[in-house]
Amino acid sequence: MPHSARVYFFGTCLIDLIFPQAGLAAMRLLRREGLEVIFPQGQTCCGQPAYNSGYDAAARAVARQQLATFPEDYPILVPSASCAGMMKVQYPKLFAGTADEERALHLAARVHELTDYLARVLDWRRPDLGPPLKVVLHHSCSARREMGVSGAAADLLARLANLEVVEPDHTHECCGFGGTFAVKQPEISAAMAADKAAAILATGARVLVGQDCGCLLNLGGTLAYGLTAKGLTASPRTPDPQAPVVKHIAELLWERTHAP
Amino acid sequence: MPPEFSVRVGQALDNERLRRNIRRTMDGLVAKRRQAFPDTHELTVLRRRGKLIRGQALANLPDLLLELEANCERNGIQVHWAETAAEGNALVLDLLRRQGARRVIKGKSMVSEEMGLNHYLEAQGIQAVETDLGEFILQLAGERPSHIIAPAIHKDRGEIAALFAAHFPEYPHTEDIEGLTAIARRIMREHFGQAVAGLSGVNFAIAESGTLCLVENEGNGRLCTTAPDIHIAVCGIEKVIARLDQLPPLLTLLTRSATGQPITTYVNLISGPRREGERDGPREVHLVLLDNGRSRIHRDQQLRATLRCIRCGACMNHCPVYSRLGGHAYGTVYPGPIGSVLEPQLQGLDRQGELAEASSLCGACGEVCPVRIPLPGLLRRLRAEGVGDGPDAGVPGQGSRRKVLHRLIWSLWRQAHAHPPLYWLMTRLATRLRRLLPIGLGPWARTRTPPVIAPRSLHELARAEGFAHE
Ligand code: SF4
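Which chain is which? The protein sequence lines are E and B, in order. Residue numbering for the first sequence follows the working numbering, beginning at 1 and increasing consecutively. Residue numbering for the second sequence follows the working numbering, beginning at 1001 and increasing consecutively.
Derived by calculation from the structure, the hints in this document are not laboratory data. Bear in mind that the values here come from a model prediction, so they are computed numbers and not experimental data. A couple of the hints might just be wrong.
So the derived list for chain B, only partly shown, Cβ under 8 Å to chain E, looks like this [to be verified]:
#1 R1074
#2 L1361
#3 A1364
#4 R1383
#5 D1389
#6 A1430
#7 T1447
#8 A1454
#9 R1456
#10 L1461
The beta-carbon is built from N, C-alpha and C at its ideal position, and this holds for glycine as well.
Sequences are here, hints too, so could you generate the full structure?
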């Protein structure tokens, strides 16, 4: 499939501050495929936290800043299905009937979730240089439902010969992050996270990989803390020494295909 | 006053038996639905049709209701309109009194739950006897349904056996499902034999023919609607559909989404009272059409989608929140995602607005809804109405969830993220002072190791690695 030589990269606010290595790995992956990757410094956040809390005016103000930051006709690659979904699916609704509607549609049409772009547009394939490894793949709800791209992450991992990829029990179920949900309904969120973490532990995989840092923040934090009693599979509040290391898929792909 | 939502949540999450029961049954229903729709293309087509049929009916709601009324009356079904639950209750009471009924046998009806009918009738000296097995069990336990199609799903066999042993000591103790059902059947049969009045809900009311459709698996619904002298059907005004030929697609969507059944054991099509020369059937059939806030919901183009619901329960079966709490924690008649969308609109955001927050917006509900109600979008819309940022549809209690502190936080957030220089300053400070920030506080860190802010932001790393910025 022909693809544009220049692409924008929207790093997301979570990656910017907490997981910058994941963003950097994604940009390196793209650059190595011959793309000119542009990271506009004016980018901040897609606006989803306010939007999902019902603060539409604040969400619009922040989203408008992104509309101004990605003006050219290049694809916008987003290493998070959740933020990509906000920009692709929700921006047109958020700006419907406003003066910015056209700009929002123009931006939405160019947004691609990273793994989808790698797998389907770039047809990314690289030899696996890493040792045999069992990884557990967590699909974010946005990837699975809103964006419909969850197959791409699995496809990319399947292209690495030395990986054994498994999915946890109840793989379709949400990990309980949900942005502000985790703070507003902490008990329900914790119960969901505990069940998901238990299912992940049960796979025995050494690495947990996903395409959304929100889920990874939630699951990594829960695994590191140890499962709480509210998880149905109760266990003491001590971290399991077997708990997997948490990685964004871009980091894993880069690490395993990059000869230092 | 009932305990706060957060208290009920805590109680539900701590109740391991409840959680096991709910989870097991929900997993079962999810698996059955999956098996019932092996062909995803067929499902896509069906859901599109279901949405269209229900959407069209709502677009023509006033006309269809008048058509329904005219055709029902022609069939001999007497139609009554109730604007509020109180009016509906009074209507039912009046009909029962005229009949001299001291008791009414009931098929399953969520609308009657919404009206609080049983309670109201008891206070007026009329006994309401639930004949659906699940509802019968709950009546013994003095509880409300925890699920709209499987009301006693939160109870396991052991609990039901204990309940029967306490209420019917004359029968031998059994934990066997068949045995328990046999006891219930014996008791109900007496009621069926004596009852002068029966009450039921309605799944679909067909305007062109004046027919009431009622699906069920136990046959009790058929008995309630045919054995007594008078049958009263209570029905939300949104349940109307235009034509009889629209019924089969809706029925198949309903039963397969709900329990995975291709069709229910009984499909009752009620088209009037006993006719001249007929030997059975009720002498009178009454249809009580309840508004109770529905026409207000109907006025808003987006919120109207709420009324497409055919009450299959699939959204709750697939909901990660419902499947951990069960229905009682919601504290409302309708639980789960559809309850979190409907109840704040019926009762007001000031009273039930928190339910709109009880979702991670994972989208599982919207994905399975047979009439494609965009439940996550509606939850989000209600959040916006709650904080006074929505387009305003007169949802009661609108703006009541606005809090000064929250507004302040979001306005600071907005300033920081709408102005890049401010954002750079903020992220620079955060990365440099990362070890000093009180990030480990708050509810997040009660069950999770707090995140660590990176020493350099991606903005800085991208620049350092020579990525272009425009
Ligand atoms: S909202 Fe949809 S899934 Fe939920 S009960 Fe209604 S029809 Fe079924």
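Hints, one by one, checked against the model:
For the restraint placing R1074 of chain B at the interface with chain E, the shortest Cβ-Cβ distance is roughly 45 Å, beyond the 8 Å limit, so the hint is violated. Taking 8 Å as the C-beta cut-off, the interface hint given for L1361 of chain B holds, the closest approach to chain E being about 6 Å. Among the interface hints, the one on A1364 of chain B holds; its C-beta lies about 7 Å from the nearest C-beta in chain E, closer than the 8 Å criterion. For R1383 of chain B, the interface hint holds, the least distance from its beta-carbon to any beta-carbon of chain E being 3 Å, beneath 8 Å.
Hint status for D1389 of chain B relative to chain E: holds, with the closest Cβ pair at about 5 Å, below 8 Å. Hint status for A1430 of chain B relative to chain E: holds, with the closest Cβ pair at about 6 Å, below 8 Å. Proximity of T1447 of chain B to chain E holds as hinted, the smallest CB-CB distance being about 4 Å (cut-off 8 Å). Restraint check, A1454 of chain B versus chain E: the minimum CB separation of about 5 Å is within 8 Å; hint holds.
Checking R1456 of chain B against chain E: minimum C-beta separation of about 6 Å stays under 8 Å; hint holds. Look at L1461 of chain B: its Cβ gets to within about 5 Å of chain E, closer than 8 Å, so that hint holds up.
The structure shown violates just one earlier hint, number 1.
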